[in-house]
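S.K.: Sequence:
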Amino acid sequence: MSIRPKKYINHLTPAYIAKRQDLEGQEQKALFIWMYARYRALYDCAFHVPNGGHRHVAVAKKLKGEGVKAGVPDILILQPRGGYHGLAIEFKATPPKSAPVSDSQLEWINRLAENGYMAVVCKGFAAAKETISNYANLPIDLH
Numbered sequence: 032m033s034i035r036p037k038k039y040i041n042h043l044t045p046a047y048i049a050k051r052q053d054l055e056g057q058e059q060k061a062l063f064i065w066m067y068a069r070y071r072a073l074y075d076c077a078f079h080v081p082n083g084g085h086r087h088v089a090v091a092k093k094l095k096g097e098g099v100k101a102g103v104p105d106i107l108i109l110q111p112r113g114g115y116h117g118l119a120i121e122f123k124a125t126p127p128k129s130a131p132v133s134d135s136q137l138e139w140i141n142r143l144a145e146n147g148y149m150a151v152v153c154k155g156f157a158a159a160k161e162t163i164s165n166y167a168n169l170p171i172d173l174h
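Here the working numbering is used: the first residue of the sequence shown is 32, the next is one more, and so on.
Do not rely on the hints blindly, as some may be mistaken.
[As the list claims (entries may be wrong)] Within a straight-line C-alpha distance of at most 25 Å, the following computed SDA-like cross-link-like pairs (lysine to any residue) qualify: (1) K100 to G56; (2) K160 to I171; (3) K128 to L173; (4) K160 to P111; (5) K100 to Y115; (6) K160 to A144; (7) K160 to S135; (8) K160 to L73; (9) K154 to D134; (10) K100 to M149; (11) K160 to Y115; (12) K128 to E55; (13) K154 to N165; (14) K154 to A130; (15) K128 to L107; (16) K100 to A144; (17) K92 to D53; (18) K160 to V132; (19) K160 to D53; (20) K60 to E145; (21) K154 to E55; (22) K154 to D53; (23) K154 to Q136; (24) K100 to A68; (25) K100 to Q57; (26) K128 to A101.
Hints were generated in silico from the structure; no laboratory data involved.
Note that the structure is a prediction, hence the values are computed from the model and not measured.
Please take these sequences and the hints and turn them into a complete structure.
M.R.: Encoded structure:
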């Protein structure tokens with residue numbers, strides 16, 4: 032009978048740390064629960080873009096070939112209001128646990144703003160809640 036050694040887990044890799052402590056994901060989940068209860072019409076037009084996270088190289092290549100692009104905002108609300116086509120939110124965890132905004136994320140925020148979207152970076156649940164509340168108070172633009 033042979034004794035197999037326990038598999039070593041490197042607890043310092045970004046993938047392991049992200050899996051163990053996904054504060055951004057937890058806050059974003061709470062935001063969608065809040066939006067469902069408070070602004071159902073916006074919730075019905077809202078979704079999360081699952082671009083982030085750590086993936087196997089082969090999966091990442093496959094997704095890139097299917098059109099996944101780095102930096103696309105985390106949350107899109109496709110309901111036109113106040114002269115905007117919709118709301119795009121790059122969501123970060125509440126400081127000091129927030130990650131920096133990448134160059135590709137800033138490029139997307141600017142690109143969407145130039146094309147008629149309200150596009151913002153929100154650091155934390157409270158900031159995103161305020162942004163969505165302000166957007167919800169704008170008049171609906173149905174052409």
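S.K.: Against this structure, judge whether each hint is valid.
M.R.: Here is how each hint holds up against the structure:
no.	hint	result
1	K100 to G56	holds (19 Å)
2	K160 to I171	holds (19 Å)
3	K128 to L173	violated (39 Å)
4	K160 to P111	holds (18 Å)
5	K100 to Y115	holds (23 Å)
6	K160 to A144	holds (20 Å)
7	K160 to S135	holds (24 Å)
8	K160 to L73	holds (12 Å)
9	K154 to D134	holds (16 Å)
10	K100 to M149	holds (19 Å)
11	K160 to Y115	holds (18 Å)
12	K128 to E55	holds (8 Å)
13	K154 to N165	holds (16 Å)
14	K154 to A130	holds (9 Å)
15	K128 to L107	holds (23 Å)
16	K100 to A144	holds (17 Å)
17	K92 to D53	holds (24 Å)
18	K160 to V132	holds (19 Å)
19	K160 to D53	holds (19 Å)
20	K60 to E145	violated (28 Å)
21	K154 to E55	holds (9 Å)
22	K154 to D53	holds (14 Å)
23	K154 to Q136	holds (14 Å)
24	K100 to A68	violated (31 Å)
25	K100 to Q57	holds (23 Å)
26	K128 to A101	holds (21 Å)
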